[in-house]
Amino acid sequence: KNWWLILLYIGSCDGDMEKGSLRCDANVSVRLKGSSTFGTRCEIKNLNSIRYIVQAIDYEIQRQIEILEGGEEISQDTLLFDVASGKTKVMRNKEDASDYRYFPDPDLLPVEVSQEKIDLIQSSLP
Numbered sequence: 006k007n008w009w010l011i012l013l014y015i016g017s018c019d020g021d022m023e024k025g026s027l028r029c030d031a032n033v034s035v036r037l038k039g040s041s042t043f044g045t046r047c048e049i050k051n052l053n054s055i056r057y058i059v060q061a062i063d064y065e066i067q068r069q070i071e072i073l074e075g076g077e078e079i080s081q082d083t084l085l086f087d088v089a090s091g092k093t094k095v096m097r098n099k100e101d102a103s104d105y106r107y108f109p110d111p112d113l114l115p116v117e118v119s120q121e122k123i124d125l126i127q128s129s130l131p
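The opening position of the sequence shown corresponds to residue 6 in the numbering used here, with each subsequent residue numbered one higher.
What the hints contain is simulated information worked out from the structure, not anything from laboratory work. Accuracy of the hints is not assured; some may be wrong.
[Said to hold, decoys possible] Listed below are the simulated SDA-like cross-link pairs for lysine to any residue, each with C-alpha atoms no more than 25 Å apart in a straight line:
(1) Lys24 x Ile66
(2) Lys99 x Lys122
(3) Lys122 x Ile11
(4) Lys92 x Leu114
(5) Lys50 x Gly39
(6) Lys94 x Ser80
(7) Lys24 x Gly44
(8) Lys94 x Lys122
(9) Lys92 x Lys122
(10) Lys92 x Ser80
(11) Lys94 x Ile79
(12) Lys50 x Asp19
(13) Lys92 x Gln81
(14) Lys24 x Ser34
(15) Lys94 x Ala31
(16) Lys99 x Asp19
(17) Lys94 x Gln81
(18) Lys99 x Lys24
(19) Lys38 x Ile66
(20) Lys38 x Leu10
(21) Lys94 x Val118
[To be verified] If you anchor each label on the Cβ, the simulated ranges turn out as follows:
(22) Met96 x Asp21: 24 to 32 Å
(23) Arg28 x Glu77: 13 to 21 Å
(24) Lys24 x Asp87: 37 to 45 Å
(25) Arg28 x Leu113: 15 to 23 Å
Cβ atoms here follow ideal geometry from the backbone N, Cα and C, with glycine treated the same way.
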């Protein structure tokens, strides 16, 4: 409920979940306890409710932990969350960052937000 209120407050969506007003992607990566190396990121696409976001992230964290504890490596994948099974499924593999085709949008200017502004916004959130 708190997430929904925050998203509504900041204008991210109109809060009408029945009409599909919320869509988000979640990036998940884990690393072994004590490791200073960041883990490989997997992206879960098109999550459409707060409940599914939580379920998908929880499942993906456990999946990645099991892979690492089994001595295997995590591949950088784009995933979908299957609501019926409660599991993530591979949509496509991102072999490396160069395959992902990052490029700047010339119509979007860089935005720098001061810590003072961040603190002000945080203090006004519900």
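Checked hints:
1. Lys24 x Ile66: Answer violated: Lys24 to Ile66 is near 29 Å, above 25 Å.
2. Lys99 x Lys122: Violated. Lys99 to Lys122 sits at ~36 Å, over the 25 Å cutoff.
3. Lys122 x Ile11: Distance of about 17 Å is within 25 Å: holds.
4. Lys92 x Leu114: 38 Å, violated
5. Lys50 x Gly39: 29 Å, violated
6. Lys94 x Ser80: Measuring from Cα to Cα gives roughly 13 Å; hence the hint holds.
7. Lys24 x Gly44: 35 Å, violated
8. Lys94 x Lys122: 39 Å, violated
9. Lys92 x Lys122: 39 Å, violated
10. Lys92 x Ser80: Since the Cα atoms of Lys92 and Ser80 sit roughly 16 Å apart, the hinted pair holds (cutoff 25 Å).
11. Lys94 x Ile79: The given pair, whose Cα atoms are some 14 Å apart, holds under the 25 Å limit.
12. Lys50 x Asp19: Distance ~20 Å between Lys50 and Asp19 Cα, so the pair holds.
13. Lys92 x Gln81: Holds, at about 17 Å.
14. Lys24 x Ser34: Measuring from Cα to Cα gives roughly 30 Å; hence the hint is violated.
15. Lys94 x Ala31: 14 Å, holds
16. Lys99 x Asp19: 33 Å, violated
17. Lys94 x Gln81: 13 Å, holds
18. Lys99 x Lys24: Violated: Lys99 and Lys24 sit about 31 Å apart, past 25 Å.
19. Lys38 x Ile66: Given that 25 Å is the threshold and the Cα spacing comes to 13 Å, the pair holds.
20. Lys38 x Leu10: Status violated; Cα separation ~34 Å.
21. Lys94 x Val118: Violated. Lys94 to Val118 sits at ~36 Å, over the 25 Å cutoff.
22. Met96 x Asp21: 24 to 32 Å: 26 Å, holds
23. Arg28 x Glu77: 13 to 21 Å: Given about 31 Å between the Cβ atoms, the range is violated.
24. Lys24 x Asp87: 37 to 45 Å: Since the Cβ atoms of Lys24 and Asp87 sit about 22 Å apart, the hinted range of 37 to 45 Å is violated.
25. Arg28 x Leu113: 15 to 23 Å: Holds - the Cβ-Cβ distance for Arg28 and Leu113, about 20 Å, lies within 15 to 23 Å.
Of the numbered hints listed earlier, those contradicted by the structure are 1, 2, 4, 5, 7, 8, 9, 14, 16, 18, 20, 21, 23, 24.
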